[in-house]
Amino acid sequence: MRRLLILLLLGLSLGAQAREAAPLAQDEAVEQRLVAIAEELRCLVCQNESLAGSHAPLAEDLRSEIRTLIRQGKSDAQVVEYLVSRYGDFVRYRPPLKPTTWLLWAGPFVFLVLGLGGLVLYLRRRPVAAGALSDAERKQAESLLENP
Amino acid sequence: MKRVLLIPLLLFVALAVFLAVGLTRDPREVPSPLVGRPAPGFSLPRLALDGTDTGRFSPADMKGKVWMLNVWASWCVSCREEHPLLLDFARSAVVPLVGLNYKDGGADARRWLAQHGDPYVLSAVDADGRVGIDYGVYGVPETYVIDQAGIIRYKQIGPLSADVLHAKVLPLIRDLRKS
Numbered sequence: 001m002r003r004l005l006i007l008l009l010l011g012l013s014l015g016a017q018a019r020e021a022a023p024l025a026q027d028e029a030v031e032q033r034l035v036a037i038a039e040e041l042r043c044l045v046c047q048n049e050s051l052a053g054s055h056a057p058l059a060e061d062l063r064s065e066i067r068t069l070i071r072q073g074k075s076d077a078q079v080v081e082y083l084v085s086r087y088g089d090f091v092r093y094r095p096p097l098k099p100t101t102w103l104l105w106a107g108p109f110v111f112l113v114l115g116l117g118g119l120v121l122y123l124r125r126r127p128v129a130a131g132a133l134s135d136a137e138r139k140q141a142e143s144l145l146e147n148p
Numbered sequence: 001m002k003r004v005l006l007i008p009l010l011l012f013v014a015l016a017v018f019l020a021v022g023l024t025r026d027p028r029e030v031p032s033p034l035v036g037r038p039a040p041g042f043s044l045p046r047l048a049l050d051g052t053d054t055g056r057f058s059p060a061d062m063k064g065k066v067w068m069l070n071v072w073a074s075w076c077v078s079c080r081e082e083h084p085l086l087l088d089f090a091r092s093a094v095v096p097l098v099g100l101n102y103k104d105g106g107a108d109a110r111r112w113l114a115q116h117g118d119p120y121v122l123s124a125v126d127a128d129g130r131v132g133i134d135y136g137v138y139g140v141p142e143t144y145v146i147d148q149a150g151i152i153r154y155k156q157i158g159p160l161s162a163d164v165l166h167a168k169v170l171p172l173i174r175d176l177r178k179s
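So the protein lines, in turn, are chains A and B. For the first sequence, our numbering gives the first residue as 1, with consecutive numbering after it. For the second sequence, our numbering gives the first residue as 1, with consecutive numbering after it.
No lab work stands behind these hints: they were computed from the structure. Remember, predicted model here, so these are calculated numbers, not experimental data. Cβ coordinates follow ideal geometry from the N, Cα and C atoms, glycine included. Among these hints, one or two may not hold up.
Facing chain A, according to a computed beta carbon distance under 7 Å, are these residues of chain B, among others [to be verified]:
(1) Val30
(2) Pro31
(3) Gly41
(4) Phe42
Computed footprint of chain B on chain A, listed as stretches where at least three residues anywhere in the stretch have a Cβ under 8 Å from a Cβ of chain B [said to hold, decoys possible]:
(5) 55-69
(6) 94-100
Build out the structure end to end from the sequences listed, making use of the hints.
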């Protein structure tokens with residue numbers, strides 16, 4: 001009787017576990033693409049979090065929207081376009097190259113060129129033979145070295 | 001030698017200017033790609049104020065009119081902040097103000113309107129927030145000014161202030177109604 005009860009309890013707990021372990025992601029491939037896309041997108045509510053990592057309700061809605069789009073057979077670019085057309089380029093962590101973002105993209109290289117230019121100018125202006133001694137100085141140095 | 005000493009000062013001034021400009025800008029103000037584009041279409045049930053079914057609302061119903069769409073929810077704290085302004089605006093009846101009740105419960109929404117006053121000619125119920133996504137909503141409240149042809153002319157993210165209403169929204173509405 002006791003054994004039966006234990007078996008029964010075990011069976012019940014197994015059932016409970018099976019329910020808890022219900023997979024969050026129903027489709028592994030969809031989920032992987034979702035994460036890959038969402039990592040590249042900004043959550044608009046918590047702006048320093050990606051759409052993949054955010055727990056904001058809007059991020060959850062957008063993830064489920066992206067899931068639907070993937071199931072509909074949309075390409076990654078189409079999914080990103082869907083969000084950009086609603087929330088603007090700001091949702092993309094990699095802003096597109098266009099006239100308003102030229103400075104953004106070229107800025108670091110502009111500063112690199114400026115820095116290199118400054119370095120070259122500085123090196124050119126420095127007296128080349130700063131270490132060389134005149135004859136009189138050489139004699140003075142020699143006499144100092146010989147007669148300490 | 002003196003020129004070299006000026007360099008840290010110049011760097012400091014440049015940094016100070018960048019910070020003075022950069023820190024006063026609001027990172028939440030994301031330029032919306034929707035301004036200048038047709039308002040996304042939808043068909044949603046109206047919020048039934050007395051519990052009886054009152055049909056559906058679609059932006060197409062407003063064709064030929066300048067109107068405002070205000071996204072609100074009973075759980076939204078900042079909505080309370082702009083609410084007196086919306087009530088004033090509705091009283092002046094410049095243009096129709098339509099509400100989009102975003103991800104809210106019907107009973108909560110009704111109670112909220114009963115408690116704080118109802119500035120809307122009607123509220124469309126966007127229970128799952130999908131229409132909100134089409135309108136690029138991410139910070140309730142949001143307000144849209146839509147012209148006679150159904151083009152979005154202005155989008156306000158976050159609560160409307162009296163300043164914004166008088167400096168931007170009302171002049172824009174006046175211009176739109178003239179054309």
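Non-conforming hints, listed in increasing numerical order: Result: hints 3, 4, 6 break, sorted rising.
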